[in-house]
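A.B. asks: Listed in order, the protein sequences are those of chains A and H. Add 1117 to the 1-based position in the first sequence for the working numbering, that's all there is to it. Letter 121 of the second sequence, counting from 1, is numbered 111 in the working numbering, and no numbers are missing.
Do not rely on the hints blindly, as some may be mistaken.
[Stated by the list, open to error] Chain H is nowhere near these chain A residues, computed Cβ spacing over 12 angstroms in every case:
id, residue
1, Gln1141
2, Lys1257
3, Met1285
[Unchecked claim] Here are the computed lysine to aspartate or glutamate pairs in the EDC-like style, where the Cα-Cα straight-line distance is at most 16 angstroms:
id, chain 1, residue 1, chain 2, residue 2
4, A, Lys1119, A, Glu1294
5, H, Lys1, A, Glu1294
6, H, Lys(-8), A, Glu1208
7, H, Lys51, H, Glu73
8, A, Lys1134, A, Asp1229
9, H, Lys1, A, Glu1275
10, H, Lys(-8), A, Glu1294
11, H, Lys(-8), A, Asp1266
12, A, Lys1264, A, Glu1298
13, H, Lys1, A, Glu1120
14, H, Lys88, H, Glu105
15, H, Lys45, H, Glu73
16, A, Lys1264, A, Asp1235
17, H, Lys(-8), A, Glu1298
18, H, Lys5, A, Asp1276
19, H, Lys88, H, Glu41
20, H, Lys(-8), A, Asp1283
21, A, Lys1119, A, Asp1229
22, H, Lys45, A, Asp1283
23, H, Lys5, A, Asp1229
24, H, Lys83, H, Glu105
25, A, Lys1264, A, Glu1120
26, H, Lys5, A, Glu1275
27, H, Lys1, A, Glu1164
28, H, Lys45, A, Glu1286
29, H, Lys1, A, Asp1283
30, H, Lys45, H, Glu105
31, A, Lys1134, A, Glu1208
32, H, Lys(-8), A, Glu1297
33, H, Lys(-8), A, Glu1286
34, H, Lys95, H, Glu73
35, H, Lys83, H, Glu73
36, H, Lys1, A, Glu1146
37, A, Lys1134, A, Glu1269
38, A, Lys1264, A, Asp1229
39, H, Lys5, A, Glu1146
Derived by calculation from the structure, the hints in this document are not laboratory data. All C-beta atoms, glycine included, are put in the ideal place defined by N, C-alpha and C.
Chain by chain, the residues:
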Amino acid sequence: MKELSLNILDVAENSVKAGASLTQILVTERNRVLTIEIIDDGCGMSEDVVRSVTDPFYTTRTTRSVGMGVPLLKLACEQTEGTLTIESVTEEVDPERHGTHLTATFNMDHIDFTPLGDVSSTVLTLIQGHPDTDFLFQHKTDRGVVKLDTRELREVLEDVPLNSYDVMEWVGAYLREQYEELS
Amino acid sequence: MKSLAELQAIKNRMKDKVVLRDGMEATRVVVGMATCGIAAGARPVLNSFVEGVSKAGIEDKVSVTQTGCIGLCQYEPIVEVFEAGKEKVTYVKMTPEKADEVVQKHLKNGQVVAEYTIGAITA
């Protein structure tokens, strides 16, 4: 992957597939460490699955036997001497508070650090593909915060789909303006 | 500065259109958005289709959606076009520029861009 934002898109798709109603994407830059958290309230994974999910030869698919999403993210963070952890609670274990919390850290000054890239585009792509699912996106830096919560938009939009082009255009401009204020 | 009031205005403008749109699109554009597709550049290709379809004013006839891996990872980004009563067209190794061309020629004017389809790939 050329940008970490593409890894975020890829892994967040897993959250949606796990039936999440809310997927949170939290990006934090502090002391030259970048932390990416992807938190969902989906069906969760058992301990065995969590252990094997970073293994490139594990997948839930039956068509082929490789799943590269999490392994690629793990590679990207470990090559900067960062770490990747996954905590997950299945629906069977806790019917109320289930889901998966992935945390990846990156040393931004490491020579093998992959740039974060266009994370706004990732958020827009997720909304376009999953207009009935909610996303909370937050990017914190020393200069301020960029934030988007689709639940707030949904309240205003009611039954107008979030992936209507005019709405997507608004979301794109909304994020762009927030990023401009940071720089 | 973008405000929620502006979003409210978009909602008011669109409210009537929504009822008409549901399930009425005759053409479906499906972009592969699994690990293989994303790594090969599917994100900007999808954005090109979304933007192109809107700019061409054919949103009522064409829907753009995403799917997982269809098992031809080496040809990603892959885009499938489904039209009622016609055979599926599979475009391979797409780019945003090729996407713009497909919007204009195929989705707008009904001419399949044969050179970008999987059939044009030689071994």
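A.B. asks: State the violated hints by number, sorted upward, taking the hints as numbered earlier in the document.
C.D. replies: 3, 4, 5, 6, 8, 13, 15, 23, 25, 27, 30, 35, 36, 37, 38, 39
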